[in-house]
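**Student:** Sequence:
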Amino acid sequence: KVPTVGKSAIGHFLMALQVHKALADLEAGAGMFDKYSAVPPEMLELRKVVMARKEPRKLLVQPHLHLGEDGKPALKTFAASTAGMVESFVARFPAEDPELMELYRQDLPHVVD
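Per the UniProt record's numbering, the very first residue in the sequence shown carries number 1; after that it's consecutive.
It should be emphasised that the hints constitute simulated quantities derived from the structure, not laboratory data. Don't take each hint at face value.
[As the list claims (entries may be wrong)] Dumping the calculated BS3-like pairs for lysine-lysine here, alpha-carbon to alpha-carbon at most 27 angstroms:
(1) Lys35 x Lys21
(2) Lys48 x Lys1
(3) Lys58 x Lys76
(4) Lys7 x Lys35
(5) Lys48 x Lys35
(6) Lys7 x Lys21
(7) Lys48 x Lys58
Model the full assembly from the supplied sequences, consistent with the hints where possible.
**Tutor:** Written out as structure tokens, the structure is:
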């Protein structure tokens with residue numbers, strides 16, 4: 001039913017919304033907002049259940065691939081938390097990058113002020 005009835009209903013809704021916006025009809029727009037944003041009491045009860053079962057937001061913290069002390073590639077993983085996210089950024093973007101500084105020193109003779 002979504003492609004037939006739903007698409008048409010959303011079209012009418014968006015048309016009414018656009019008319020209120022185009023005419024700057026604050027009263028009608030506010031009335032429409034209040035009508036569609038009102039939450040019935042039974043839904044408030046369901047919200048309590050949903051919030052009680054809510055899980056923390058999952059974070060995707062990507063691992064860091066680097067050369068280990070033996071010169072072989074090594075994969076460093078981080079905890080899926082905000083602390084792990086910060087640790088990942090610190091590992092990936094150190095305050096001073098020795099390879100970048102070496103490239104800078106090599107290019108320095110070619111820079112003209």
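**Student:** Is Lys48 close enough to Lys1, meaning Cα to Cα at most 27 angstroms?
**Tutor:** violated (30 angstroms)
**Student:** When you check the alpha-carbon spacing of Lys7 and Lys21, does it fall within 27 angstroms?
**Tutor:** It holds: about 21 angstroms lies between the C-alpha atoms, which stays within 27 angstroms.
**Student:** Take the C-alpha atoms of Lys48 and Lys35, compute the straight-line distance between them, and say whether it is at most 27 angstroms.
**Tutor:** holds (22 angstroms)
**Student:** Take a quick look at whether Lys35 and Lys21 sit within 27 angstroms of each other, Cα to Cα.
**Tutor:** holds (16 angstroms)
**Student:** Could you grab the alpha-carbon distance between Lys48 and Lys58 and see if it respects the 27 angstroms cut-off?
**Tutor:** holds (21 angstroms)
**Student:** With the threshold set at 27 angstroms, check whether the alpha-carbon distance from Lys7 to Lys35 stays at or below it.
**Tutor:** Answer holds: Lys7 to Lys35 is near 20 angstroms, not above 27 angstroms.
**Student:** For the pair supplied as a hint, Lys58 and Lys76, is the alpha-carbon distance within the 27 angstroms limit?
**Tutor:** Between Lys58 and Lys76 the Cα gap is close to 19 angstroms, so the pair holds against 27 angstroms.
The structure fails hint 2 only (numbered hints given earlier).
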